[in-house]
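2 protein chains.
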Amino acid sequence: MTRRDTKSLICEVARELFNLQGTANVSTNHVALELDMSPGNLYYHFRNKEAILDRLLAQYLGELKPYTNSNALESDIEDAWFFIHMTSELATRYRFIYRDTDYILGKYPPAAQAVSLALTSLLEAITRLLTGLDKNGALQLPSDQAHRDLAMNMLIVCTQWIRFRRHLAGKAQVDVEAEDLNAGVYQTLSIVMPYLEPSQRQHLENLRGQYT
Amino acid sequence: MTRRDTKSLICEVARELFNLQGTANVSTNHVALELDMSPGNLYYHFRNKEAILDRLLAQYLGELKPYTNSNALESDIEDAWFFIHMTSELATRYRFIYRDTDYILGKYPPAAQAVSLALTSLLEAITRLLTGLDKNGALQLPSDQAHRDLAMNMLIVCTQWIRFRRHLAGKAQVDVEAEDLNAGVYQTLSIVMPYLEPSQRQHLENLRGQYT
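Residue numbers (my numbering), protein chains in the order written: chain H, 1 to 212; chain E, 1 to 212.
Extracted from the complex, chain H is given alone in its bound form:
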C-alpha cells in the first residue's frame, strides 16, 4: 500500500469513528487500534488528531465544491431536491463536522475557517438556487429580504436536521438512515412551499411521497 493510500485509509476510519462515537471521544490511538496499526506508524502519517481533522475538513470542502461552485441555475423543484439531497448526503457522511462543531472549534481554532467556508459557500449556493427557481418561474420571491431569510432558514434546517431529529426523539445520535435524510430534504424544501408555483408545489408533495 502506498503512503497516500495509507493516509486516505486512516482518514476514512477516523471519519467513521468521529461520526459514530463523537470527535471528542476518539483519539489517534483509537484510530490506530481500529486499523490494527501501531500508534507509531500512524504518527508517521499524521502527527496528531488535529492533522487528521485538518485533512478531513479539506476533503469535505473538496467534495462540496462541485455542488456549490456549479454555474448551472436550478430550474425546477426537482433540481432543488437533487441539490439539497446531494449536499445533505455529503453533510451526513461528514456529520461530525456539523454535530461536534463546538468541540472542534474550541480545541482546534484553525478549523473555524474551514467550517465557516463550508457554511458560507452552502448559503451562497442555496441563495443561487432560489434565484434560479425564481428566474425560471418555479417560485416567486417577494423581496430580497425574504430571499436571504429563506436561504438562511434552509441552511439551518438542512445542516441541523439529523442531529435535531434524534434529540427530539430523546436519542444521542449514533446512526443515520436514508429515511432521516429524505425527511430532512423535504423539511428543508417545505420552507419555500408557499412561494412555489402551484404545479411545482404539487411536484414537491409527490417527491415527498416517493422518498419519505
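Source of the hints: derived by calculation from the structure; they are not laboratory data. All values reported here derive from a predicted model rather than from experimental measurement.
Given that identical chains are not distinguished, each listed pair holds provided it fits within a single copy or across any two copies.
As a list, the in silico DSS-like pairs of lysine-lysine whose alpha-carbon atoms are at most 30 Å apart:
| hint | residue 1 | residue 2 |
| --- | --- | --- |
| 1 | LYS7 | LYS65 |
| 2 | LYS107 | LYS171 |
| 3 | LYS65 | LYS171 |
| 4 | LYS171 | LYS7 |
| 5 | LYS107 | LYS49 |
| 6 | LYS49 | LYS7 |
| 7 | LYS171 | LYS49 |
Fit chain E to the supplied structure of chain H, relying on the hints for placement.
Only chain E this time, still in chain H's reference frame:
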C-alpha cells in the same frame, strides 16, 4: 446560608461554566474552585456532575412550563414575538443543553427524557401558537401538513440559531448578545411571513426594525 441556597448557588455557577466553557470541559472540581469551596463540600450537596445536570434540566423544564403550558391562544404577531423571545431567552440562559446535547445524552442517557420533553413541549406550544394566530385571522395556514412543517422548522431555527450564527462566522460559541437573540426571534418568525395577513406582516417588519 441554608443547604438549599448552597445547592442553588452550585447549580447557578455550574450553568454559567457549562455555557461558557462547554459541559464536557467542566468538572465538579472546576465548579468547587469557582465557588471557593472544597470538592468534599460540593460532594455533600451533589455526588457528581450528573446530579448537577439532572437538577439543571429539571430547573429548565420548570422555568419553561409557564410558557409551554399556557392556555392563552396567541392572537397576533406581537404575541408570537413575545413567546419566541421569552422561550429563546430561556434557551439562551441554558444554552449548554441545546449546544452540548450529544455530549450530555452520550455521557448521561437519563437526560434524554428531559431533552425530549423540552423539545416536544416547545413543538406543541409553537403548534398551538400557529393555531391561535390562524383562529384570530393573523395568518392563514393552508393545510395541517404545512402547520406541522412550519412548527418544526420554527423549533429548529429558534433552538439552533445562536450556535449556528457563531459557526457561520467561524467562531466557537462563547457569549451571546441581545442582538443575536433578537435576530433569532426574527429569523424564527420569518418562516411564517408568507402566511401572515398583510398588516401583520408589516407589523413583523416593524418589530424587526425595532429590535435588530
